[in-house]
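Q: These protein sequence lines map, in sequence, to chains X and R.
Throughout the first sequence, residue numbering follows my numbering, covering 3 to 246 in sequence.
Throughout the second sequence, residue numbering follows my numbering, covering 56 to 505 in sequence.
Treat the hints as calculated values from the structure; they're not laboratory data.
Fair warning: there could be bad hints in the mix.
[Unchecked claim] Taking lysine-lysine pairs in the DSS-like style, the calculated list, with each CA pair at most 27 Å apart, reads: (1) X:110 x R:462; (2) R:130 x R:462; (3) R:59 x X:115; (4) X:110 x R:496; (5) R:490 x X:124; (6) X:124 x R:491; (7) R:491 x X:110; (8) X:16 x R:130; (9) X:5 x X:124; (10) R:425 x X:80; (11) X:115 x R:462; (12) R:448 x X:59; (13) R:465 x R:490; (14) R:448 x X:110; (15) R:110 x R:59; (16) X:115 x R:490; (17) X:153 x R:465.
[Said to hold, decoys possible] Residues of chain X placed beyond 10 Å of chain R at every Cβ, according to the derived structure: (18) 61; (19) 66; (20) 67; (21) 75; (22) 138; (23) 181; (24) 237.
Glycine is no exception: its CB is placed at the ideal position from the N, C-alpha and C atoms.
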Amino acid sequence: MLKIENLHVSVEGKEILKGVSLEVKKGEIHAIMGPNGSGKSTLSSVIAGNEDYEVTKGNIYFNNENIEDLSAEERAHKGIFMSFQYPVEIPGITVTNFIKTAINSNLKARGLKEMPANEMLKKIREKANLLEIDSRFLSRSLNQGFSGGEKKRNEIFQMAMLEPTLAILDETDSGLDIDALRIVASGVNKLKNKDNATVVITHYQRLLDHIIPDYVHVLQDGKIAKSGDKDLALQLEEKGYDWI
Amino acid sequence: MSLKEKLVSSFLAFELDTDINSPVHDIRSKSIKEFEKIGFPDRKNEFWKYTPIKKVLSEELTVFKKKRHLIDFEKVKDFFIGGIESYKIILIDGTYDPLWSNTTHKGVDICILSSVLENDKYSNIISHYYNKLIDTNDSFSLLNTSFSKEGAYIHIPKNVELDKPIEIIHINSGGESSLMLQPRNLIILEEGSKAQIIESHYSLQEKNTDLSNSNNDHIDPLTNTLTEIYVEENANLDYYKIQNDLDSTSIIDNTYIDQKKDSVASCHTFSFGGNIVRNNLNFYQNGKNINSILKGITILGSNQHTDHHTLVHHASPNCESYQEYKGIYNDKSTGVFNGKVVVDKIAQKINAFQQNNNLLMGDHSSVNTKPQLEIFADDVKCSHGCTIGQLDKSALYYLKTRGIPEKEAKGLLTYAFANNVLENVKMQVLKTKIKKIIANKIGVSLGFEL
Numbered sequence: 003m004l005k006i007e008n009l010h011v012s013v014e015g016k017e018i019l020k021g022v023s024l025e026v027k028k029g030e031i032h033a034i035m036g037p038n039g040s041g042k043s044t045l046s047s048v049i050a051g052n053e054d055y056e057v058t059k060g061n062i063y064f065n066n067e068n069i070e071d072l073s074a075e076e077r078a079h080k081g082i083f084m085s086f087q088y089p090v091e092i093p094g095i096t097v098t099n100f101i102k103t104a105i106n107s108n109l110k111a112r113g114l115k116e117m118p119a120n121e122m123l124k125k126i127r128e129k130a131n132l133l134e135i136d137s138r139f140l141s142r143s144l145n146q147g148f149s150g151g152e153k154k155r156n157e158i159f160q161m162a163m164l165e166p167t168l169a170i171l172d173e174t175d176s177g178l179d180i181d182a183l184r185i186v187a188s189g190v191n192k193l194k195n196k197d198n199a200t201v202v203i204t205h206y207q208r209l210l211d212h213i214i215p216d217y218v219h220v221l222q223d224g225k226i227a228k229s230g231d232k233d234l235a236l237q238l239e240e241k242g243y244d245w246i
Numbered sequence: 056m057s058l059k060e061k062l063v064s065s066f067l068a069f070e071l072d073t074d075i076n077s078p079v080h081d082i083r084s085k086s087i088k089e090f091e092k093i094g095f096p097d098r099k100n101e102f103w104k105y106t107p108i109k110k111v112l113s114e115e116l117t118v119f120k121k122k123r124h125l126i127d128f129e130k131v132k133d134f135f136i137g138g139i140e141s142y143k144i145i146l147i148d149g150t151y152d153p154l155w156s157n158t159t160h161k162g163v164d165i166c167i168l169s170s171v172l173e174n175d176k177y178s179n180i181i182s183h184y185y186n187k188l189i190d191t192n193d194s195f196s197l198l199n200t201s202f203s204k205e206g207a208y209i210h211i212p213k214n215v216e217l218d219k220p221i222e223i224i225h226i227n228s229g230g231e232s233s234l235m236l237q238p239r240n241l242i243i244l245e246e247g248s249k250a251q252i253i254e255s256h257y258s259l260q261e262k263n264t265d266l267s268n269s270n271n272d273h274i275d276p277l278t279n280t281l282t283e284i285y286v287e288e289n290a291n292l293d294y295y296k297i298q299n300d301l302d303s304t305s306i307i308d309n310t311y312i313d314q315k316k317d318s319v320a321s322c323h324t325f326s327f328g329g330n331i332v333r334n335n336l337n338f339y340q341n342g343k344n345i346n347s348i349l350k351g352i353t354i355l356g357s358n359q360h361t362d363h364h365t366l367v368h369h370a371s372p373n374c375e376s377y378q379e380y381k382g383i384y385n386d387k388s389t390g391v392f393n394g395k396v397v398v399d400k401i402a403q404k405i406n407a408f409q410q411n412n413n414l415l416m417g418d419h420s421s422v423n424t425k426p427q428l429e430i431f432a433d434d435v436k437c438s439h440g441c442t443i444g445q446l447d448k449s450a451l452y453y454l455k456t457r458g459i460p461e462k463e464a465k466g467l468l469t470y471a472f473a474n475n476v477l478e479n480v481k482m483q484v485l486k487t488k489i490k491k492i493i494a495n496k497i498g499v500s501l502g503f504e505l
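Chain R with its partners taken away, still in its complex shape (with noise of 0.2 Å):
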């Protein structure tokens, strides 16, 4: 049986305890039966052509976890940003865990998303904003949809400003492999509100892990997330994405992002590692004088494969988008980076701005990088580039007359290549930590504090 008929067939069983009159229920079904029309994509599909998504698709994997898997609070708590206050939503293979996390209800909502899928107080929600954004072309998205039935629920208010930061922490316990987990987080910013968020996925190294058989039994696990998110009139979020995984996962990431009339939204990706990760990021203006920012910083080793596909629709005047996206790329790991404008005919004066440079540090590493803009108005501003090469030979000999021995140079030639992309980055906790994080990847230790 292949995956897509598995995963259709388990279906049912997997809904077995939703009421089956719920806003939900339906909303399910109909997405299974969709997934059940289109299957999985493959390379001949545009959309797919440079990321192998196949190889990760193994007819193994389950949505069906067998037990609950506990794991020490040291291993968690490595996992937190650190040094500030927050906002926890912690979930352990999909499943809320309530002992680390730190909610609320208080003036605002920070809390999971089954006691809104399951409570009918919060049916208003379901019907105005749940499901509401997807690309209903999308395989992930619908099997996300057909699956999802835990994640953060956020809901700030009219005017509040989030007094500390938000972390969504999902963590793979490894307690079992093959496991398809389908984390789903809904947001919603109300107008003149603001919200700093963080999102992670991390998975620990399998238990029990038994070189006789692994290579047999043993099926990497796959994340399938969505993100919806509501930026409303005049409201400001800073969202962040940390994806620093084993080898061994891979993560399929729809994150879809509404903004209204004078909001500001901004999306930092940092990929790190994992097998095979795929981002697709898509920020629609609904109004005028928005603001939407784009960056990430990917670097990858080994055999590792990140895919950046990133979509800014533009559907009103006057409003910019800004996008800025590094990558570095050693040994024999590959880089997609697809980035799509859309400006409709009644967006004129917008400003879109697109950058994307890459540096291939290993002989075998590889990148694919392709800019996408489908223009229908006449008065816009919009603008593209893309470069991959290597370190600055120039800057690299500056930096040598001082002193620095070669492999330095390298390191922190590198090193401000990336580091460039973080100056937007407001928490100042999260920027130090994702400095140790690059400086760490690019293997030097700088000779200064972060």
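The shape of chain X in the complex, shown without the other chains (with noise of 0.2 Å):
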């Protein structure tokens, strides 16, 4: 589904990735791990198609098909969904209405009818009690004021509406508290099935306890220093990233 290929990505001339290469198919699940800097943003950033980072070298293709040139909205239609570490807050516009927009801009790109307003009501409705979120937080303003756990919650909410063929998850656990945690991880793997994938990018392992990774990566100074299952995430745990 996501290959990448000897990826090298610069950020206002600096390097920040230096060859990273990464193959996830689908029914997969992957965390990406590694310190402070090591560039794990970056990654989700250049696949989500962000236009501040450059791709000096190297290649990403979804599908096969390279996405190198095509713009986030773009990669969004194609399937591709990222979570934000940092969701922004955009006071006057709802929930309810930010995602009714992003369905119908979806299924419009895709040549597809708009959603009927009684199937979206009934999707946000699922979708919501999936995720315990309240219906009033469904008509508050995106983001704004919203707790930590809120925030992140919202983003699992939006890719359940979305729902991505490949979901980049940037730090889903920070700010979280551990009844949040429960709640976001169990979202999470409620939604995962045998088509779709999951990138899971995380500092620390508690994440990696509720959704279990087949794959665990550790980058390092911009290139994946090493791979390996679920248990390289327990020794890292245990002995840190010095250890690799």
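Dock chain to chain to rebuild the complex, using the hints, since each chain is given by itself in its own frame.
A: Structure, rendered in structure tokens:
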């Protein structure tokens, strides 16, 4: 599904990723771990299509298509979703209206008809229940004044609504208390099926107790220093990143 | 002859039908004398620095209407708020239109000002309320007082909560160009009363616009409107101004609001077009525990210009004022926000907030924003802030990652930016109408019900 080959990425002239290769197949969950500044967020941003990041070398393929020249919205239309580490606050637009606009934009881009209002409402209710989101929350302004946990829950709610084929969760566990972590993780697990894939980017092992990865990769100084199964995460927790 | 000379010499003829012994004639005569002394402001005047008002003060303008012009009901109907029952005071080219208006004298007075000015029964009202709030250094207020004969008169007695909103609709029929209208409204909310009022100004496209002479003979109309409002003890007023006019029409609006203790008054100004629009909105707080709310949304394009001058005069302790103005400027449009807050020495423990945020969307659009605080008390909280900028790039990116294309994402963010100011609008139908105008002005179809 996702194939990254020898990816080099620079931001404002500084090279952050120095040759990352990664393949994610459908049905898989990959975890990318690494210390601060190792390039984890850069990797997720460059997959999602942030134009501040410049690919200087290498390729990103999504379903065998080179997506380097696609805009962020075109990548979304193809089925790529990123859960933000720091979701942006947008006063003046409600969660519901935002998600309706997003859903219909995606349908339109894929040449499909807009979702009827009653169907939309039903889906919103169903997915809100999944993430234990209060209906009052949906009529609040997007992310404005949300707690850290509410913001992350809202990200996963959007993911549930948009049903991407590839979900990248960038530090979704940061700022979450134990209960919120459980709700978010269980939401992610329920959305998982044999046709989609998830990339979990995290600093700590604790999220991986709830979302069990098939593969764990350690990113260090812009390169994948080590790959393994879920036990690698446990070893890291015990021995620290210096051990690699 | 300059416009000033022309207006001054028009005065006697204009007053021919007025009883020279009436108090109103006296007020008008004094005003025209004052106007003659000070004339029109130019840009050397700090108060008018950023608004080229001379541009619309053509000497061809006249206060005399040639004849009455009839317009279709279908056209008038478009200007109604719609969807709810309302009282209506409709003026066409400054003349009251009884056919489509809906006035009342049952328990409240919702009628026209001429009936007050010309009727001895109301001499008490004239001596107590008429022309008591105006700034006598303001040329346009003086001019309006000199020439105004018609407008809305609203008087809500003690403890009456009005059952439906009032619409004051001024229409320029387009029947003749170069008309200078001088509408005047007097509004009194007695102790404990409550009302919602919507004031709007519209112009119809000029009839028989002949291209061959349009450049020579055609002079764009100018409306110089003035409203005096009294909000007595514990009364509650929501006032809305809709300025969504043709590119050719200019408006100068002077509104004076006097508040007594424990009262709440809000004024929302929606400025969506016109040639030059100048709003002077003045709040005077005379009593404790007063709350004044001033909000505005300005969305302009082409060469339009809107200028908001606000004044909140805190003359009593323990009061609040809250100002929030947002502007979106496209193409070559320009804007001004000048928010003045005066805090008298006696007005301790007040809280005055002022915020003006602007989005410059056009390469040649510009805005001048200036907070002005004059504080003579020492235990007060006064805050102000202004921003001028473009849409937030990170927010734009966030929307795009959700599959919302760039154009729609920009539209949505612009809409969200303005929409935020509407949270205090209690009248749902009005809120929806304004949201639709905003979406339309921004030129984006939003994928949800407004």
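Q: Hint by hint, note whether the structure agrees.
A: Verification of the hints:
no.: 1; hint: X:110 x R:462; result: holds, 14 Å
no.: 2; hint: R:130 x R:462; result: violated, 33 Å
no.: 3; hint: R:59 x X:115; result: violated, 62 Å
no.: 4; hint: X:110 x R:496; result: holds, 23 Å
no.: 5; hint: R:490 x X:124; result: holds, 26 Å
no.: 6; hint: X:124 x R:491; result: holds, 26 Å
no.: 7; hint: R:491 x X:110; result: holds, 22 Å
no.: 8; hint: X:16 x R:130; result: violated, 62 Å
no.: 9; hint: X:5 x X:124; result: violated, 35 Å
no.: 10; hint: R:425 x X:80; result: violated, 47 Å
no.: 11; hint: X:115 x R:462; result: holds, 20 Å
no.: 12; hint: R:448 x X:59; result: holds, 26 Å
no.: 13; hint: R:465 x R:490; result: holds, 16 Å
no.: 14; hint: R:448 x X:110; result: holds, 24 Å
no.: 15; hint: R:110 x R:59; result: holds, 14 Å
no.: 16; hint: X:115 x R:490; result: holds, 25 Å
no.: 17; hint: X:153 x R:465; result: holds, 22 Å
no.: 18; hint: 61; result: holds, 21 Å
no.: 19; hint: 66; result: holds, 21 Å
no.: 20; hint: 67; result: holds, 17 Å
no.: 21; hint: 75; result: violated, 4 Å
no.: 22; hint: 138; result: holds, 16 Å
no.: 23; hint: 181; result: holds, 26 Å
no.: 24; hint: 237; result: holds, 33 Å
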